[in-house]
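2 protein chains.
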Amino acid sequence: MSFASKPLQTFLDELASVEPVPGGGSVAALSGAFAASLVAMVCRLTIGKKNYETVSDELQSILPRADALQRELRELVQADSDAYARVMDAYKLPRNTDTEQAARTRAVQDALKHASDVPLRVAERCADALALARIVAEKGNRNAASDAGVGAVMAEAGLRGAAFNVSINLGLIKDEAYVRAHRTRVAELIALADQSRSEILRIVEARM
Amino acid sequence: MSFASKPLQTFLDELASVEPVPGGGSVAALSGAFAASLVAMVCRLTIGKKNYETVSDELQSILPRADALQRELRELVQADSDAYARVMDAYKLPRNTDTEQAARTRAVQDALKHASDVPLRVAERCADALALARIVAEKGNRNAASDAGVGAVMAEAGLRGAAFNVSINLGLIKDEAYVRAHRTRVAELIALADQSRSEILRIVEARM
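Those protein sequence lines, which keep their order, are chains A and B. If you use the working numbering, the first sequence corresponds to residues 1 to 208, in order. If you use the working numbering, the second sequence corresponds to residues 1 to 208, in order.
A hint or two may mislead.
A pair holds if it fits inside one copy or across any two, identical chains being indistinguishable in the list.
Claimed, not checked - When the alpha-carbon atoms are kept at most 25 Å apart in a straight line, the in silico DSS-like pairs for lysine-lysine are as follows:
| id | residue 1 | residue 2 |
| --- | --- | --- |
| 1 | Lys49 | Lys6 |
| 2 | Lys50 | Lys6 |
| 3 | Lys92 | Lys49 |
| 4 | Lys174 | Lys50 |
| 5 | Lys113 | Lys174 |
| 6 | Lys174 | Lys92 |
| 7 | Lys49 | Lys174 |
| 8 | Lys50 | Lys113 |
| 9 | Lys174 | Lys6 |
| 10 | Lys92 | Lys50 |
It should be emphasised that the hints constitute simulated quantities derived from the structure, not laboratory data. Just so we're clear, the structure is a prediction, and the values are computed from it rather than from any experiment.
Work out the full structure, taking the sequences as your base and the hints as a guide.
Below is the structure:
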C-alpha cells in the first residue's frame with residue numbers, strides 16, 4: 001500500500017515506530033508536497049478575484065506547475081522509502097566468496113547512489129516549490145498571505161531535510177567525483193533556499 | 001471525517017483546493033506532528049542499543065513526551081481548521097439591528113481570539129518538539145542523525161508557520177492587551193526556534 005493512500009494517522013504512527021521506513025527522507029518529500037499544495041491553493045484563491053486581475057494570468061500559468069510538483073513530490077515520499085529499503089537489501093547479500101563479495105559491494109554502492117539521487121531530486125523540487133511560493137507571496141491574495149508563508153517554510157524545511165539524506169548516503173559512497181558533484185549541488189541549494197526563505201518571510205510579513 | 005483518518009492524498013488535494021480549510025495553519029500543526037514522530041522514532045532506534053547504554057534511560061523518559069506531543073499536534077491539525085470555520089461562521093451572522101450587530105461583533109472577536117490561541121498552542125508545542133529534537137540529535141543513534149535533523153527543521157517550520165497564523169488573526173483583534181501579549185510571545189518563540197534550529201543543524205552535521 002503506497003503512503004499516499006494511507007490515513008495520515010497511520011503514516012504518523014509508522015513514522016514514529018522502530019521501523020526505519022518511512023523516515024526523515026519521506027517526511028522531507030512530503031513537506032515539499034505540502035508546500036506545492038499551498039502554492040496551488042493560493043493560486044486558486046487569487047485567480048479571477050477582484051483586485052487581482054493583473055496577476056491572474058501569471059498565477060494561472062503557475063497553477064499547473066504547482067499541481068505537477070505536488071504529484072512528483074508525493075511520488076518521491078514513496079521513492080525515498082523504497083531507495084532506503086534497496087540499500088538494506090543490498091547489505092543482506094551473501095559474501096562467502098570473493099565473487100559474492102564483489103557483487104555485494106557493487107550492489108551496495110549502486111543502491112547508495114540511488115538513495116542519494118532520490119533526496120537530491122526532492123531538494124531540487126523543493127527549490128522549485130520555494131520559487132513558486134515567492135511569486136504567490138508577492139502577488140497572491142493577501143488574505144492567503146500566511147498560507148504562502150507556510151508554503152515557503154515547508155519548502156525550505158523539505159529541502160534542508162532532503163539535504164541531510166543526501167549527505168548521510170554520500171558519506172558511504174566511494175566514487176569521489178560523484179560525491180564531490182553532489183556535495184557542491186547540495187551546498188548551492190541550501191544557500192539559495194536560506195536566502196530565499198528569509199526574503200519570502202519579509203514579503204509575507206509586510207503583506208499580512 | 002477527521003483529517004487524521006483521511007488518506008494523505010486526500011489531505012494534499014483538499015489542501016490544494018480552493019476551499020480555505022485545511023490551510024497553512026493545519027499544515028503547521030502537522031509539521032510539528034511529523035517532528036514529534038521523528039523524535040519518537042530516533043528514541044526507539046536508540047533505547048537498549050549497543051553503545052547507547054548511557055543515554056537509554058534519558059531517551060526512554062523522552063519517548064512518552066514525544067508520543068504525547070504527536071497526539072496533541074495531530075489534534076491541533078483539526079482544531080486549527082475548526083477555529084477558522086468558526087470565524088467564517090461568525091462573519092455570516094445577521095447584522096440588521098444594533099443588537100444583532102453587537103452580537104456579531106462579539107462572536108467575531110471571540111472566534112478570532114480562538115483562531116489565534118490555537119496556532120499559538122501549535123507554536124508552543126513545536127517549541128517543545130524542537131527541544132526534544134535537540135536531545136535526540138545530541139544523544140540518539142548516529143545512524144538516525146539525519147532523522148533527528150529532519151525533526152528539527154519540521155518543528156521549526158511548524159512553529160514559524162503557526163506564528164503566521166497567530167499574526168494574521170491578531171491584525172483583526174481589538175483587545176490591545178491580548179494582541180500585545182500574543183505578539184510578545186510569538187516573537188520570543190520565533191527567536192528561540194531560530195537559534196535552536198541553527199544549533200541542532202550544526203550538531204547533526206557533526207554527527208553524520
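Hints versus structure:
| no. | hint | verdict |
| --- | --- | --- |
| 1 | Lys49 / Lys6 | neither (35 Å within a copy, 30 Å between copies) |
| 2 | Lys50 / Lys6 | neither (39 Å within a copy, 34 Å between copies) |
| 3 | Lys92 / Lys49 | between (58 Å within a copy, 20 Å between copies) |
| 4 | Lys174 / Lys50 | neither (58 Å within a copy, 27 Å between copies) |
| 5 | Lys113 / Lys174 | within (10 Å within a copy, 56 Å between copies) |
| 6 | Lys174 / Lys92 | within (19 Å within a copy, 64 Å between copies) |
| 7 | Lys49 / Lys174 | neither (55 Å within a copy, 28 Å between copies) |
| 8 | Lys50 / Lys113 | neither (50 Å within a copy, 28 Å between copies) |
| 9 | Lys174 / Lys6 | neither (37 Å within a copy, 43 Å between copies) |
| 10 | Lys92 / Lys50 | between (61 Å within a copy, 20 Å between copies) |
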